[in-house]
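Mind docking chain B on chain A? Use the hints.
Chains A and B supply the protein sequences, listed in that same order.
Under numbering that gives the first Met the number 0, the first sequence has 37 at position 38, and the numbering climbs by one with no breaks.
Under numbering that gives the first Met the number 0, the second sequence has 213 at position 214, and the numbering climbs by one with no breaks.
Derived CB-CB ranges, DEER-like:
(1) A/V13 / B/S91: 22 to 28 Å
(2) B/I26 / A/E118: 49 to 55 Å
(3) A/R121 / B/I131: 24 to 30 Å
(4) B/L22 / A/R134: 52 to 58 Å
(5) B/R40 / A/F117: 37 to 43 Å
(6) B/V141 / A/P24: 39 to 45 Å
(7) A/E92 / B/S46: 38 to 44 Å
(8) B/A217 / A/E92: 41 to 47 Å
(9) A/L6 / B/S46: 34 to 40 Å
(10) A/L5 / B/S255: 44 to 50 Å
(11) B/G84 / A/R23: 35 to 41 Å
(12) B/W199 / A/M114: 47 to 53 Å
What the simulated footprint calls covered on chain A by chain B, stretch by stretch (three residues with Cβ under 8 Å from a Cβ of chain B suffice, anywhere in the stretch; the number is not a length):
(13) 3-16
(14) 90-104
In short, the hints are calculated from the structure, not lab data.
If you're wondering where the values come from, they're calculated on a predicted model, not measured in any experiment.
Idealized CB from N, CA, C, for every residue including glycine.
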Amino acid sequence: MNMVLLLFVSLAIVLMLMLAWVARPPKRVLLSVDQVFETLSEERHYARLPQILQSLRHDDTDFLIGSGHDELAVRLRGERKRIALRYLNYLEEEYQLLLEASRILAKIAPEITPMEEFERFRRNARFVLSCRYLRLRLHLGLQPWEVFGSISDMEGDLTLWLEAATARIGEQAATASEFPLFLEKGHRSSE
Amino acid sequence: MFTLQLSNDTLPGMVEIPNLRTLVWAISTLLELVLMCYLLRKKLYRSHPVFLIYVLTTILQSAVVASSYKYFGPRSVTSFEIAWGSQAVGISARWFAVAEIARRALAGYAGIWGMTNRILFVLGAGVLFYSIAASGSLWTLVVLNADRAVELCIAAFIVGMLFFVRYYRLPMSSVERLLAIGFCLYSCFCVMNDSIYENWRQPIAALWNYLDILTFLATLILWSSAVRKYEEAPGASAHLAVSPEMYGKFSQKLNSRLQLLNNRLNHLLRSEDPRS
Chain A
0 MNMVLLLFVS LAIVLMLMLA WVARPPKRVL LSVDQVFETL SEERHYARLP QILQSLRHDD
60 TDFLIGSGHD ELAVRLRGER KRIALRYLNY LEEEYQLLLE ASRILAKIAP EITPMEEFER
120 FRRNARFVLS CRYLRLRLHL GLQPWEVFGS ISDMEGDLTL WLEAATARIG EQAATASEFP
180 LFLEKGHRSS E
Chain B
0 MFTLQLSNDT LPGMVEIPNL RTLVWAISTL LELVLMCYLL RKKLYRSHPV FLIYVLTTIL
60 QSAVVASSYK YFGPRSVTSF EIAWGSQAVG ISARWFAVAE IARRALAGYA GIWGMTNRIL
120 FVLGAGVLFY SIAASGSLWT LVVLNADRAV ELCIAAFIVG MLFFVRYYRL PMSSVERLLA
180 IGFCLYSCFC VMNDSIYENW RQPIAALWNY LDILTFLATL ILWSSAVRKY EEAPGASAHL
240 AVSPEMYGKF SQKLNSRLQL LNNRLNHLLR SEDPRS
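One chain only, chain A, in its complex shape (with noise of 0.2 Å):
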């Protein structure tokens, strides 16, 4: 079997496959268009995200094994990966809100609006491939919060803006978290 044959029929079969893939019926659309104008109106918050962030460096963890709670310390970066892949849905759910609304902003876009229109395709697609990226790492357990570690040193270089929008979505994510209490009884049982 030559190569030329194994290219294009794997091309085929890999079409055949996209198709079956992007021919499912379409997924039922959640809000209207007055929902979505009215959400993106609206403000978000990631207040607690330095907190958060913080929460996740290796200080205390490497404090913890070095001082004979190796099961504590376990138990506490489980607890932080789920925190963080909390903090990735709370993200994704922006997102697909946001999706939602580039959606409509689309159907009722006129005409002169295609780069508009591939820009933001563009960055939509280039989200969805970083979040997927991300979570993978997450679940393979790749010491996520290494990579969280140092994002509260780069708070300052967003804008205030950017703050603002994003404080609401931390704040929810610290909020039904249990962190802050695990962390308390860890840090008694240290002492």
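Just chain B now, with coordinates in the frame of chain A:
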């Protein structure tokens, strides 16, 4: 001389029609006629005139090729030229029919259409050139390679189109979806069939012709079933459109939000703990 060499050497000459293959050919022609009747009865010629022309082209192609085999003989150069010439016309008609489906699905949304038609045509052209470049260097197979490249290009174009339809959750009637799926599946099977022929050539020439007709028969069944079940929608609602100013405002807001999310992820992905 050149074409005679081709037909006797490497190209499937669409020759020697055994009884079973003749039967399948006759059935497919009959199904083409049935599909044509359905299209006329359901008045789909108003909304899909190019598809109707395509079906008409395939019927004429069958008639012309059958006549040439009868009058010039199945192994003559004239029959060979007529068969492959009509194939070129058929593929061109198929391209236009696919473009019609894409236009009907996407052109109602100016912004989306403005972007997707460029992407889809660039994608199609890219696949076409890549297929030609990746094909074997045997000059006697140039017609077969061109045929395969165009088929692959059509399949990629349809997958791309359906991707955008799904991504933007655009409404698409079941008949259009099935027509597109039929075109795509047929093109994919043609790519495989052509590639298999290229590898083994004359020993499987009869099977090559037979499989081609059989695949087209399956596609015709899919299309006929879709057209038969077609019910005209009770007046599609007009698409909402906003002014460029309003669009610009919302667009800017959306892009900023998306930029924000991407910045977040970028920082998460690129940051490395200096202590590790």
